[in-house]
Amino acid sequence: MTTVIPFGPQHPVLPEPVSLKLELDNDVVIGALPSLGYVHRGLEKFIDTKDYNQTTYICERICGICSALHGITYTMAVEKLFDVEIPERAMYIRVIVGELNRVHSHLLWLGLFADGFGFESLFYECWKYREAVLDVLEKITGNRVIHSISKVGGASKDLTKEHIDLILKMLDTVESQVKDLEKVFINNYTVKQRTVGLATMSKQLAYEAGTVGPTLRGSGVHSDLREEADWDIYKDLGFKAVVEKDGDCYSRTKVRVFELYESIKLIRNAISKLPNGEIATPIKGSPTGEAIMRTEQPRGEVVYYVKGNGTKNLERLKIRTPTFANIPSLLLTLPGIKLADVPIVVLTIDPCISCTER
Amino acid sequence: MTLAKSPWIIHVNVNSCNGCDIEVVACLTPLYDAERFGVLNIGTPKQADIMVVTGSVNYKNVNVLKNLYNQVPDPKVVLAVGACASTGGIFHDCYNVIGGVDQVIPVDAYVPGCCPRPEAILDGVVAALSILENKKKGNVKGKEVKMKGNEVPSNA
Amino acid sequence: MLKNTIDAIEMKSSADVLKAVQDAKNDGYRYATMICLKKDDGHELIYVLDKDYKLKNLRYFVKPGEKPKSVSGIYLCALLIENEYQDLFGLTFEGLAIDYKGHLYLTPNSPKTPLA
Amino acid sequence: MGMLNLIIANVSKKPATRLYPFEIRAPFKEFKGRIIFDPANCIYCGICQKKCPPDAIKVTKAEKTWELNVFRCIMCTECVGGCPKDCITISNERPKTGAKEYIKNVAPATPK
Amino acid sequence: MNSFDILKIVLVLIGAPILGCLIAGIDRKLTARLQGRVGPPLLQPYYDVVKLFKKDNMIVHPAQNFYVVIYVVFVILSLLMLVFGMDMLMIIFVYTISSVALIVGGMSTGSPYARVGSSREIMAILSYEPILILYALAIYLLTGTFKLSALSTLSSPLLAYIPLIFISMLFVMNIKFKKSPFDYSTSHHAHQELVKGMLTEYSGPGLGGIEIGHFYEYVFLLGLMFMFWSSNIIIGLLLAVIAFLFVIIMDNITARVYWQWMLKVSWSILLIISIANILIVYYFYFKPA
Amino acid sequence: MLDTISLLIIVPVIFSILFVALPKSLYKILAWAFFILGVALSVKLVMDGTGVVPVPESNFAILENIVFVLEVLVILFILAVSLKYKNWPTLGLGIISAAIFGYTYANVHGAEGAAFNIDQFSQIMILIVNIVGTAIILFATGYMDHYEEHRHLNRQKIFYFTMSFFLAAMNGLVMADTLGWLFLFWELTTLCSFVLISYNMDEEGINNGFRALALNLVGGIAFSIGIVLLATNYEISTLSGIGAYAGTNATAMAAVALPVALLCIGGFAKSAQMPFQSWLLGAMVAPTPVSALLHSSTMVNAGAFLVVKLVPAFAGTNLGTAIALFGAFTFVMTSALALSQRNAKRVLAYSTIANLGLIIASAGIGTPLAVAAAIMLILFHAISKALLFLCTGEIEHTIGSRDIEDMSGLINKAPLLTMLISLGMISMLLPPFGVLLTKWVTMEVASSNPIVSIFMILGSALTTVYYVKWLGTILSTTMDKNAVHHQKPETYFPLSFLGLCIVATSILVFSIYDAFIKPQVATMLNIAPSVTGAGGQFSSEIGTFAYALIFIVIALAILIYYATKNMFAPRMSSYYLCGENSLEKDRLMFRNGLCAYDKSSASNIYLQNVFGESKLTTLGYVISILLIVAALAGGVL
Ligand code: SF4
Ligand code: SF4
Ligand code: SF4
Ligand code: SF4
Ligand code: SF4
Ligand code: SF4
Ligand code: SF4
Ligand code: SF4
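Residue numbers (the working numbering), protein chains in the order written: chain A, 1 to 358; chain B, 1 to 156; chain C, 1 to 116; chain D, 1 to 112; chain E, 1 to 289; chain F, 1 to 637.
Pulled out of the complex, with its shape left as it was, chain A reads as follows (with noise of 0.2 Å):
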């Protein structure tokens, strides 16, 4: 006889709802059969009723964590459909307000991940140094979580100089508390003997399991999509991507809070870099033809597909998430860990269950 437990959909580590059904033997566990379904809305039958600029709200909202990069990258496609150039400013907005948001989504997921390992003094250390992000985000878009920033054919805000300075302030305090945040993630002796090891991911793995994002980028893969052509301003801003080698969750922890530096780097350069001009052109007609759009989110690739046909209305929209993505990975890495181990594991992932099922 082994123990069958359900783990979630409603569960206090896991801040969002996803069922594991786990079997264990001696609190290791043999299997993990995962249940979704619990956040399925059907956003990809919105386009029916939705015009294609509504459709940015909905996008956003498919998750509130990294909703502005989900609204640039539905633009983005938009965009690519309508085959416009879009001003560079607003480009760089959008670089702007996708790395802050990149920096409030991986401070976040450290506190979580710390609360997974029940090191709650450092979760609460890692979100109120993330209130200082929501702060300027809020000053800047008009909302702390959700913030609609893009639209189709550039920025819905601008950045006044009064914002590049509180983002340059804010920076520089983030970037000293990282510090100190990155002493206990890589140091910490419990929290080490909680990651180090601990559902290792060969590169070969992680790659064939179609893992994205930091999870495959802790497994010493070489892929993040700032790199890729689509995005030739990251070049201009001097980006490089963050690998670590070992595939474990605590590199995939490194990773996480090495691309808070880098994230903070990029938006300094792009500041210093930030073009003068329009942030918007006006959008005439309906969108026709197909398009894939792709962009590194913080949880990884996210791959846009959108279909018009003329109409105001979009053909189709199909949305493969980051955590669509490492899902599977789960099935690989779950057994033959503790039980305890379980919620990190599933975290290290940073899952985002809403984006998953839309």
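Any given hint could turn out to be false.
Unchecked claim - Interface residues of chain B toward chain C, partial, derived using beta-carbon atoms under 7 Å:
| id | residue |
| --- | --- |
| 1 | Y59 |
| 2 | K60 |
| 3 | Y95 |
| 4 | N96 |
In case anyone wonders, no lab produced these hints; they're calculated from the structure. Ideal Cβ placement from N, Cα and C applies to all residues, glycine included.
Following the hints, complete the assembly by docking chains B, C, D, E and F with the ligands onto the known chain A.
What follows is chains B, C, D, E and F with the ligands alone, placed relative to chain A:
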């Protein structure tokens, strides 16, 4: 007044986009520190007083919501946080969305916003406290919410 | 006619798809996703594979009633998206690694095959 | 001992907590709090209804009613930008928590 | 039993939960401050308990609250025995009854989370029980009896003879307070994979009873630390405070570890240093009767 | 008194013949009669008082011949069965035994008389054997039909014959003073054990039977060499003689150390101490009444009994210390081994070995209090273990498994049975029950030897762990109710009776101590342990065991529970299963990812990879053999 001094909450995320969730969690973090009011995010319905629900209800989580509601001991208060939980919000006419939380379980207070600010959620919690006291005084029991029945194919 | 389309290699049969996917895997491609569209009475599947930020797309038309073969035997991660299309489009994939039988997202009470 | 330093620093400093509701930080002027509707100029054209992603606004041209389900509004400000008569503005004040709220305006057509 | 003893009993019965409640309150307040928060009012644990007793008594197993009564009663008994300076070995056995009652209570509910939590708590017994008994053994070796009342005959405080056991006992405190890094069987903040572990199915008055038991238990546990310098009340209390601070600070600077890890540490380090201490005591201080 | 002694041997023999002669339908009546007679006879013996009872000259010669014939028969039987089953090790050991027997017969001149020695310890043993033993036989009449039915056996005549005959042998063993006779009874119990272990007549049973036989023969050989040495070198032919001889002074103690050590090794084998432990585990294939009677409460105690009786010969010597270490080591090792076991009978077997180790350790310490503890532990352990084994058997018939994991939710299926077995377990690990009292005494007295006490401390923590695990499992709730209810008086009477015995003996512990143990220790060591029993406390100069206080508090707790129970009207609710309950199906069912239902369950932690048999047994063998060698060396030097 003791009930109102120790509100333990269970956070139930049904169909939320995480926007509301992270704000609920943010309420507990140092800047807002809901524990000042005695709030503990207790995690199990059996020990909770306030059920904080985020997101709308869909066909898969409707049972979950009902079960959890039934497992919160009386007196209990349900707080619907966010546009989704209140009315279905932007997703109200998605095919898999039943609607706001009040379609399934009785809701005592609503928090507006998409997503609501932590301050708004704290307001909601504070509003819940007096409701909790009143329910105890009036000995109001939450009705057992019945399952609609077979959520499973017969061949399972 | 559509103005801009994505490059895609047309596939003739489900077996071809399997073979092409296997070849792609051998070439070091990663399974990114699969897109399903309604087309005529059947469905069109676009398999999206990625290598060094370059996409390789395979387009395959599923005739009404046809049961395409699952590629979850080659890329385990394909099982999620294939199950999703079983839910949403009512397709049936043969040989799924874990077959949720149309209950990945939906329960018996939810609307059936909403996107079909 | 990174964490030890952090917690010691925490005790030596004032807590980060803002004592809401006793201590309220003035909302940022940028904050998108709630929709304010001024019926004076409204021509009940229904553009705002069409623009609103969550269908929170209901306008009937015939009866000249304008209704907003505040608890469905997502503060996207599409209606604000869309209204040809600038009847709709967004304020940085939050809607009240508690019972559901509707803004209804069954305007008696007051001809100018 | 004279009237003074009765007074003492009454004092313990009433005073200990008040003290324990304050300890819990200070714990929460202090933890909050360490985390940069304001934290709950000092009397929060009291409010919590009163509230719990006003809640619906929801159970899943008819007998589950019986174990709570056993737990509380025997925690009180062990505290009383400590106050009266009775046989230390006996106190530990009586205390074991209460721990076992809580474990069995958790298992009796049948919830898989509670049962896994209880299994882990059983493993915790394996890590702390030997150290507690070694503590008792040290007292015997030093005084020739297990009776705590004999501690007054010692020329120096206990701490001077058994500093290593004191260190081990600090970790035992950590385990018994169910604080991070050892909060794997149940925790006060339910953010763990087992929900509330052992106590998952307890609610309302049952949980309230357990909380009251915890209050007594805190006093009892800190009383054990007090015994290390019982000759001087101030320093004894100081030791208890040090132990308490140690527990809180450990709680805030560590992640939760596995019970396997704890078992390894307690058997390889704590037990070894305690045994070493015992041997030192045996060879240098023990005078066979 | 001699009448009672002879009756105690003859009555069981008569019953064994009756069981063979009478049809199955009368077994129940027979068993009841046997039980009543057993109680009566043993009480009678206690009433008769103590003293050495010599066998009258007139009968001696004929009895001695009977003994001789029986011994020859025993050896022939061993040789015959090992030949029949081609078991060469046993055959070899049988031949060695025969050789020693031949040597003894030829070279050691026979004793002039024989005697029974009825002291308080024997009285206790007689009470255990005849009351608990007959209760177990009574239980068997309600148990064996079902047992055989499932296994398609029909050997009950042999079963009851052997069981009853065993009681006769056991009675003889604990009363005999003459070493030769003692040895005969000793070998007879070994044979009974062999027959009963191979009762199922399947390969496993027979193999395990032979293993038991072989290991006990090893012990028997050590025993007989010891006897020969004693007889030839010191002219000692009685058990009490050893004590009398050695008790005089330290040089005499040193002189007899080697034969005493050899006798002790015989005792270790019988008590299945560490290098010999495998036979007792193998013996668990026998029907549960056998395990309860032979392999926990009586026969295996014979080894500990012998060691305790020999205390005067080694108290305070190096040999004593070695024995204490050895016993304590077995205690901690087998307790650790028990941790990884899921099979209830194996857990109990290990626990039995562990407790016998504890008894032997206390005997080795050899202070008056320690010896008192040893004797008391034999008593309390016998009662608790008999109850535990019988309950396990009954559980097996109720749920069809002896796997601890399968017992989860037993409280719903068989409440009475669960209460009884819980009582048994609690009595093994928590105060105020007798076993813990004696454990407490042992730990207190062992505290003068830090190594022994450290072993004991670790062992007792491990004991807590494996019992609590089991206890929690049976008291937990699960909902499936596939249990076979049988509520036969023959099974439930003995169970309840033993349960009552546990409570009664624990409450009356001080009276028992005063009446039996104190005088016994006083005669053995010439000093009585200084223990007082005022105020329901068992206090010595080093501590106080306040058992009455705890009984009162338990009563108080029960009172409080019932008083407050209805203050908070309880409301049954569903389980917390992360919200995925299915109430229509089962309270513990939940919906899984495939929209189908699964039952949640929890199993315990067994740590096979730390405390597993494969990990620890070799280590145990090495250390225990080293310790035995040390004991022997200590004996010679
Ligand atoms: S993973 Fe998906 S849902 Fe989550 S934050 Fe990223 S895009 Fe949003
Ligand atoms: S992983 Fe998902 S649920 Fe968890 S915090 Fe991130 S967004 Fe929320
Ligand atoms: S109300 Fe808005 S933020 Fe909250 S869950 Fe719904 S969409 Fe997300
Ligand atoms: S768009 Fe402006 S004018 Fe038109 S109905 Fe809406 S509010 Fe009135
Ligand atoms: S702000 Fe957006 S959601 Fe709110 S009423 Fe206007 S358009 Fe609708
Ligand atoms: S369960 Fe009862 S009826 Fe069935 S075989 Fe056993 S004793 Fe006979
Ligand atoms: S219940 Fe099990 S052990 Fe007992 S006889 Fe039947 S099959 Fe054998
Ligand atoms: S006698 Fe029967 S009904 Fe009573 S407890 Fe035992 S098995 Fe259950």
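Status of each hint after checking the structure:
A least Cβ separation of about 4 Å between B/Y59 and chain C falls short of the 7 Å threshold, and the interface hint therefore holds. Because the smallest distance between the Cβ of B/K60 and any Cβ of chain C comes to about 5 Å, under 7 Å, the interface hint for this residue holds. A cut of 7 Å between beta carbons decides the hint on B/Y95: the least distance to chain C is about 4 Å, and the hint holds. The interface hint given for B/N96 holds, since its Cβ lies 6 Å from the closest Cβ of chain C, which is under the 7 Å cut-off.
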